[in-house]
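J.: These protein sequence lines map, in sequence, to chains A and B. The working numbering puts the first residue of the first sequence at 2, with every later residue one more than the last. The working numbering puts the first residue of the second sequence at 479, with every later residue one more than the last.
Hint data in this document are derived by calculation from the structure and do not stem from the laboratory. Every residue, glycine too, gets a C-beta built ideally from N, C-alpha and C. Treat the hints with caution; some may be incorrect.
Residues from chain B shown here face chain A by an in silico Cβ test under 8 Å; the list is partial [to be verified]: (1) 543; (2) 567; (3) 604.
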Amino acid sequence: MDKQRRKFLKIAGASVVAGIGAPAIVKLTSSPALASSAGHAPAADVHGGHVEEAPKGVRLGMVIDMRKMEEQPGQLDNAIAACINAHNVPQFPDSKNEIKWLWKAPFENVFTDHSGYHASNKITDTDFAVLCNHCDDPPCVRACPTQATFKVKSTGIVAMDFHRCIGCRFCMAACPYGARSFNWQDPRPYIKKYNKEFPSRMKGVVEKCNFCAERLALGKEPACVEACKGTGAITFGDLNDAKSELRAVLDKEFTIQRKSTLGTKPSVFYIV
Amino acid sequence: MYNKGTIIPGLIIFVLFVTFPIWFNGLTTAGDLPKPELPPGGEKQCVMPADYMRANHMQLLNEWRDNVLRDGDREILEIDGKKYPKGLQMACMQCHTQKEKFCDSCHTYAAVDPYCWDCHLTPNEAASKEATH
Numbered sequence: 002m003d004k005q006r007r008k009f010l011k012i013a014g015a016s017v018v019a020g021i022g023a024p025a026i027v028k029l030t031s032s033p034a035l036a037s038s039a040g041h042a043p044a045a046d047v048h049g050g051h052v053e054e055a056p057k058g059v060r061l062g063m064v065i066d067m068r069k070m071e072e073q074p075g076q077l078d079n080a081i082a083a084c085i086n087a088h089n090v091p092q093f094p095d096s097k098n099e100i101k102w103l104w105k106a107p108f109e110n111v112f113t114d115h116s117g118y119h120a121s122n123k124i125t126d127t128d129f130a131v132l133c134n135h136c137d138d139p140p141c142v143r144a145c146p147t148q149a150t151f152k153v154k155s156t157g158i159v160a161m162d163f164h165r166c167i168g169c170r171f172c173m174a175a176c177p178y179g180a181r182s183f184n185w186q187d188p189r190p191y192i193k194k195y196n197k198e199f200p201s202r203m204k205g206v207v208e209k210c211n212f213c214a215e216r217l218a219l220g221k222e223p224a225c226v227e228a229c230k231g232t233g234a235i236t237f238g239d240l241n242d243a244k245s246e247l248r249a250v251l252d253k254e255f256t257i258q259r260k261s262t263l264g265t266k267p268s269v270f271y272i273v
Numbered sequence: 479m480y481n482k483g484t485i486i487p488g489l490i491i492f493v494l495f496v497t498f499p500i501w502f503n504g505l506t507t508a509g510d511l512p513k514p515e516l517p518p519g520g521e522k523q524c525v526m527p528a529d530y531m532r533a534n535h536m537q538l539l540n541e542w543r544d545n546v547l548r549d550g551d552r553e554i555l556e557i558d559g560k561k562y563p564k565g566l567q568m569a570c571m572q573c574h575t576q577k578e579k580f581c582d583s584c585h586t587y588a589a590v591d592p593y594c595w596d597c598h599l600t601p602n603e604a605a606s607k608e609a610t611h
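Construct the entire structure; sequences and hints are all you get.
T.: Below is the structure:
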């Protein structure tokens, strides 16, 4: 009897040691290439470092030249009006319901990581044009539980499929730029004029700028770019095309991005 | 038979009640097959044969939606020289300009309530606040 108990305890002890040790041994012996293939991005890439690895393929972007925008007062209002007309954006009287595709905001709200201390009058007095940044690493896309918002591989646009939006507003919480708006009520009564080639939205759906994907498909420029045509206030193009007009502007001028330290890699640049 | 006075009227009421769907459809117009109004412009050609469209238009619309929004495939279909940009408002409403007389006639009959029109504009709705730009 005693002998059997001794034997049982020995076997049990050995099994416990083997059970705990085996995964460690498996891990050690597996090839390092396999172990590191779990999809960790290089650390430098995550922190929005000074030298960013450029994504491949077409990546649409925009430079907003605020100097030229200021030269012609009303220029930005024209662009905003063009956007509203093109996308059936409702105009709610109460600003807490505001639907924002392209809108105006003061410097300290737009560039929160830039100090406004002793900023020039020009900067403190101007309203900046703000829109979805179509980030290369968009936090809204990660937050969306239904993939209603997603990155279009062929253009770099952060697009939305309104059909799939369930109105959870996770994307609004995730977006550091406040570029997403929620329809708290039926927007139709607040749409001034309908564009019959674009739908409206319904209550309970989030919406934002889509870089005029539907116009681009027809070979047109985005509505805001078209509204500012000839002034050079907005330059639109492919960030990865070295010959594009956009790249010419970026190569020549000093530009800043909104909250670049967050590492979302915005596609919208500003000249202030 | 006991209680003849109660049982026979009771049976009659029961039979009438059970056959309600049959005689109600016969007496009223509720059971008539819907007759969707064909395009006012007299177009005969659609993107697919009528039989296919009747049975599968919802799948086709879902495919178009995914093509356009997900895959960025906005290729304009061209059939017999007529161009159909993929989309409910863009393609379908070119010919079927009367949603109320075309879509609704069958949808109401079949008691289906598609949510297309929560967002998409019917030509009538769009015309109510016409953009002038």
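J.: If a hint holds in the structure, say so; if it does not, say that too.
T.: The hints, checked one at a time:
Given hint, residue 543(B) at the interface with chain A, holds; its Cβ is 6 Å from that chain's nearest Cβ, closer than 8 Å. Because the closest C-beta pair between residue 567(B) and chain A is about 6 Å apart, less than 8 Å, the hint holds. Look at residue 604(B): its Cβ gets to within about 4 Å of chain A, closer than 8 Å, so that hint holds up.
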